[in-house]
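Given next are the chains, with one letter for each unit.
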Amino acid sequence: MGIFDIGQKALMVSQTQLNVTSHNIANAATPGYNRQEVILEVSTPATLGQGGVSIAQIRRYYDKLIQNQIVGSQQDYGKSYTLSQTLTAIEQLFNEAQDLGLADPLNEFFAAWQEVASNPEGLTERNSLLQKADTLVLSAQSMEQGITDILRSTEEGISDLTSQINAMGFKISQLNNQIAQVEAGSTTNTANDLRDQRDELLKDLSKLVEVSYWEDKSNGSLTVNIGMKTLVSGNSVNTLSAVYNTEGNYLLKLDGQDITSRITKGEMGGLLAVRDEMRNGYLPDLRKLVATITNTVNLQHGQGYGLDGSTGTNFFNPLELTVEDHSAGAVLTAAVTDYSQLTLDEYTILFNGGNYEIYNKETGQLKTSGAYNPGGTTINLEGIQFIISGAVTDQDQFTVSPLTTAIRNFETAVTDGQKIAASGTAAGLPGDNTNALTLAELMDTKLVALKSDTFANYYKSLVAEIGTRSEAASDELTFINNFLAGLNDRRDSISGVSLDEEAADLIRFQRAYQAAARLIQTADEMFQTLLNL
Amino acid sequence: MRISSDMLYNQLVRGLKDNLTELNDLSTRLATGKKINKTSDDVLGTVKAMEYKLSISQNDQYGQNITEANQYLEFNDTVLSQVSDTLTELKKMVYNGGDTLGTVEDRAYYAEKAANLRDYLLDLSNSKFRDRYIYSGFQSDQKAYEYDMANHRYVYQGDSGQLRLPISKEMNQTINVVGSSADSSISTAFSYTLQAVETTTLSDGSQVSYTAVPDPAMGITTIAVTITHPDYPGDPDYEDSFSFSNLMDMANILSSAWQYQEVDGTSLSESKSMRRIQALSIPVDKAGKQVLTIQADLSIRQVHLTEQKSRLEAGTLNLKNNLTETEDADMTETIVDLQKLTSYLEALRMSSSKILSQSLFDFLS
Numbered sequence: 001m002g003i004f005d006i007g008q009k010a011l012m013v014s015q016t017q018l019n020v021t022s023h024n025i026a027n028a029a030t031p032g033y034n035r036q037e038v039i040l041e042v043s044t045p046a047t048l049g050q051g052g053v054s055i056a057q058i059r060r061y062y063d064k065l066i067q068n069q070i071v072g073s074q075q076d077y078g079k080s081y082t083l084s085q086t087l088t089a090i091e092q093l094f095n096e097a098q099d100l101g102l103a104d105p106l107n108e109f110f111a112a113w114q115e116v117a118s119n120p121e122g123l124t125e126r127n128s129l130l131q132k133a134d135t136l137v138l139s140a141q142s143m144e145q146g147i148t149d150i151l152r153s154t155e156e157g158i159s160d161l162t163s164q165i166n167a168m169g170f171k172i173s174q175l176n177n178q179i180a181q182v183e184a185g186s187t188t189n190t191a192n193d194l195r196d197q198r199d200e201l202l203k204d205l206s207k208l209v210e211v212s213y214w215e216d217k218s219n220g221s222l223t224v225n226i227g228m229k230t231l232v233s234g235n236s237v238n239t240l241s242a243v244y245n246t247e248g249n250y251l252l253k254l255d256g257q258d259i260t261s262r263i264t265k266g267e268m269g270g271l272l273a274v275r276d277e278m279r280n281g282y283l284p285d286l287r288k289l290v291a292t293i294t295n296t297v298n299l300q301h302g303q304g305y306g307l308d309g310s311t312g313t314n315f316f317n318p319l320e321l322t323v324e325d326h327s328a329g330a331v332l333t334a335a336v337t338d339y340s341q342l343t344l345d346e347y348t349i350l351f352n353g354g355n356y357e358i359y360n361k362e363t364g365q366l367k368t369s370g371a372y373n374p375g376g377t378t379i380n381l382e383g384i385q386f387i388i389s390g391a392v393t394d395q396d397q398f399t400v401s402p403l404t405t406a407i408r409n410f411e412t413a414v415t416d417g418q419k420i421a422a423s424g425t426a427a428g429l430p431g432d433n434t435n436a437l438t439l440a441e442l443m444d445t446k447l448v449a450l451k452s453d454t455f456a457n458y459y460k461s462l463v464a465e466i467g468t469r470s471e472a473a474s475d476e477l478t479f480i481n482n483f484l485a486g487l488n489d490r491r492d493s494i495s496g497v498s499l500d501e502e503a504a505d506l507i508r509f510q511r512a513y514q515a516a517a518r519l520i521q522t523a524d525e526m527f528q529t530l531l532n533l
Numbered sequence: 001m002r003i004s005s006d007m008l009y010n011q012l013v014r015g016l017k018d019n020l021t022e023l024n025d026l027s028t029r030l031a032t033g034k035k036i037n038k039t040s041d042d043v044l045g046t047v048k049a050m051e052y053k054l055s056i057s058q059n060d061q062y063g064q065n066i067t068e069a070n071q072y073l074e075f076n077d078t079v080l081s082q083v084s085d086t087l088t089e090l091k092k093m094v095y096n097g098g099d100t101l102g103t104v105e106d107r108a109y110y111a112e113k114a115a116n117l118r119d120y121l122l123d124l125s126n127s128k129f130r131d132r133y134i135y136s137g138f139q140s141d142q143k144a145y146e147y148d149m150a151n152h153r154y155v156y157q158g159d160s161g162q163l164r165l166p167i168s169k170e171m172n173q174t175i176n177v178v179g180s181s182a183d184s185s186i187s188t189a190f191s192y193t194l195q196a197v198e199t200t201t202l203s204d205g206s207q208v209s210y211t212a213v214p215d216p217a218m219g220i221t222t223i224a225v226t227i228t229h230p231d232y233p234g235d236p237d238y239e240d241s242f243s244f245s246n247l248m249d250m251a252n253i254l255s256s257a258w259q260y261q262e263v264d265g266t267s268l269s270e271s272k273s274m275r276r277i278q279a280l281s282i283p284v285d286k287a288g289k290q291v292l293t294i295q296a297d298l299s300i301r302q303v304h305l306t307e308q309k310s311r312l313e314a315g316t317l318n319l320k321n322n323l324t325e326t327e328d329a330d331m332t333e334t335i336v337d338l339q340k341l342t343s344y345l346e347a348l349r350m351s352s353s354k355i356l357s358q359s360l361f362d363f364l365s
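Chains as they are written, first to last, in the working numbering: chain A, 1 to 533; chain B, 1 to 365.
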């Protein structure tokens, strides 16, 4: 091979190097971009002699291990981020540090009973009690409203994430296709930029949801699974869908299967977790507190006498039962027969081979069971009468709850101060304050429905629980953020573009180009010398 | 380690973000004066603060109850002092006018005066505090006593209701005294009770016996007085009986006796009248002592309340200190922290603006 050919090759190689350098500079700020480098090799000629230089490969600086770690951490980050955001919002509803929440209204309500006790004849004290009761009602209602608002936006978030995940899945499948086409049949030609894009998409996707993935070495296409079901395989995608279940919660289905319980990470995992915490924890706990206040105060109030001689009056609207019917052809009605017997538990009614079974929904404890008669079965349990009729199957299910509407229906039933039953006996009117005293003492009474705790302590543990969860989530977020920052630094250290390096390369490759040009010039001059002979 | 351009940039952004977050925390602390601004800042602290706040506001309520109770008791005490003075007056009259046969004018004067004292006692028994009749028990909208014209007696219209107010988590304090009661264990302001039958001998040798007859239906105890002479058993000139159930009844009987009359206005022999006056000297005396005892009891209650109040106040002060320590930010510390942070932030901004603006490209020509 001649100088001319060697020079020409060197010229082209330098040009490619300059191209790659400018590509690096141009993409210095592109997220997920891995810097590229031209790998050279000695060109071996067919015969003896020097063959010059040729390009072996344009490779990208890429550490698969770090990339995998980042994808994994993104899942944790997504979850922590969502949990922290949502829990901070819930925490604000219970922010006793700023005197928001229920502690003050609750305390003032019972203090108002002492005021009534100090002057049982006085309408001023009685009307003030009614106002304190209204404040308590409004505070409880705005807290429930706050939680249900967050719950609704969480459900909306789940649905939104589903579409984002599907869009990303589709893009990955397209990239799979393109990468396969570019790399087909070539051992040196890798689709660097397409792979960068796909890696970045995978990283973003893993922030949203827990994924598992692997690359098919034969064609470079990436398979992505969510909850052990395939989202992307080659250039085909399955659609993740959010569908309502019987209780009005979103379930996630992929490839025809419910994968909700398998998703524990990513933003989706965070949303699902915090949704369940609200639905099964904070909301029923708050409702139970209010239901206990309603029922306990009502029972005691009913025993006293108002200034007008009225007795048996409810102070708050009495609790109502809510029935959720998950049956094909059966009907269940439930009514409270004795408020003093209510445990304020929720019940699940199942059917098993012609028998009914009533369970405590929270603990799963079997409360009672018996033969079911489709003509009509009446069951009396803990102050509630259940009447079930119609044909049932073993798949049928009912839930009965005294809590669902406890806050929605929470309202002061007494509107006339005269009817406040401060007196313990009819004969003691109007100066008897014994019932007002007993009602005031409820504040310090330990109640079975509240796990043998007082109103204030039960509420306090709820506040503490939410605070602890929120603190843990934000600590976790800080940790994972720092961890991720470390990973990203390591990645950038390997794959990131350094403008200083590129500037140096630019000069180096420019010089190489100049040298190659000089080779050609020298060859030309040598040729000219020959011609001039 | 190889440093890429993005690393420098990211590091700077992280540094700024961390510093600004801290700055935000500190300025929230300064603005609210509290180091706990949300539960998760310090869960244990929040829970403690909630407990302190609850105890403080409960103490405040107990404090208000005590103030209310003290006012009630003070008023009660004032009224009872007047009752006591009236009884002393009545006692003097019984001593002076009980064993001598005065002139008609003297007797008329005594009768008139006793009647005045009787009406004064009735007024006192119907005292009102904040629109409540204080000696009627729970029947606070009813006058404690009213005159029954048909039976010439003063009738109790209240009951034995004891008005209690909570002054701590464990203690309720009774703040009222009832006028009359059928229950001998309840102290009463306008009637007096006997634990057993009592007897006495008058100057002429007549025997007097006093028997308490509780009447739970009316909520009163009547004292039945019978007078007999051991030397003349069954003699209608010596045998006499009458009864009273409150101070007004007693004064009424005295007033009538000085007029040689029964309470219904029918005439009563001079000797019987005199014996009645003498027989009433013991009840008048006892009633006076009983009122003094109640007053002493009321003072004890007031002392107790005052002690309880200072205990509560000391407790509240202590709780407030604890609350401050738990949730309030140390301002000096916060400001020093803020200044430190501000200088860090400034240094970070200056140094990064220098590092970031430099590149090899700047030096190529």
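No lab work stands behind these hints, which were simulated from the structure alone.
Careful, some of the hints might be misleading.
What the hints assert, rightly or not - In silico PhoX-like cross-links for lysine-lysine, where the CA-CA straight-line distance does not exceed 25 Å:
1) A/Lys460 <-> B/Lys35
2) A/Lys446 <-> B/Lys169
3) A/Lys460 <-> B/Lys320
4) A/Lys446 <-> A/Lys460
5) B/Lys48 <-> A/Lys460
6) B/Lys340 <-> B/Lys113
7) A/Lys451 <-> B/Lys48
8) B/Lys17 <-> A/Lys203
9) A/Lys203 <-> A/Lys253
10) A/Lys253 <-> A/Lys217
11) B/Lys169 <-> A/Lys451
12) B/Lys113 <-> B/Lys92
13) B/Lys35 <-> B/Lys320
14) B/Lys309 <-> B/Lys320
15) B/Lys286 <-> B/Lys48
16) A/Lys460 <-> B/Lys34
17) B/Lys48 <-> A/Lys446
18) A/Lys460 <-> B/Lys354
19) A/Lys446 <-> B/Lys92
20) B/Lys340 <-> B/Lys320
21) B/Lys91 <-> B/Lys320
22) A/Lys451 <-> B/Lys53
23) B/Lys17 <-> B/Lys354
24) A/Lys460 <-> B/Lys113
This structure is a prediction, so every number in the text was calculated from the model and none was measured.
Q. Is lysine 48 of chain B close enough to lysine 446 of chain A, meaning Cα to Cα at most 25 Å?
A. 19 Å, holds
(Q) Hinted pair, alpha-carbon criterion (25 Å max): lysine 17 of chain B, lysine 354 of chain B. Please report holds or violated. (A) 19 Å, holds
Q. Going straight from one Cα to the other, do lysine 203 of chain A and lysine 253 of chain A come out at no more than 25 Å?
A. 22 Å, holds
Q. Keeping to a limit of 25 Å between CA atoms, is the pair of lysine 113 of chain B and lysine 92 of chain B held or broken?
A. 12 Å, holds
Q.
Check whether the Cα positions of lysine 451 of chain A and lysine 53 of chain B lie no farther apart than 25 Å.
A. 23 Å, holds
**Q.** Distance restraint between lysine 340 of chain B and lysine 113 of chain B, which requires alpha-carbon spacing of 25 Å or less
**A.** 88 Å, violated
Q.
For a C-alpha distance cap of 25 Å, please report whether lysine 460 of chain A and lysine 113 of chain B respect it.
A. 67 Å, violated
Q. Are the Cα atoms of lysine 35 of chain B and lysine 320 of chain B separated by 25 Å or less?
A. 16 Å, holds
Q | Hinted pair lysine 460 of chain A and lysine 35 of chain B, Cα distance within 25 Å | A | Holds. Lysine 460 of chain A to lysine 35 of chain B sits at ~19 Å (cutoff 25 Å).
Q.
So if I understand the rule, the pair passes when the alpha-carbon distance is 25 Å or less; does lysine 169 of chain B with lysine 451 of chain A pass?
A. 21 Å, holds
Q) Are the Cα atoms of lysine 286 of chain B and lysine 48 of chain B separated by 25 Å or less? A) 56 Å, violated
Q.
For a C-alpha distance cap of 25 Å, please report whether lysine 460 of chain A and lysine 34 of chain B respect it.
A. Holds: lysine 460 of chain A and lysine 34 of chain B sit about 20 Å apart, inside 25 Å.
Going down the numbered hints, you'll see the structure goes against 6, 10, 15, 18, 19, 20, 21, 24, while the others check out.
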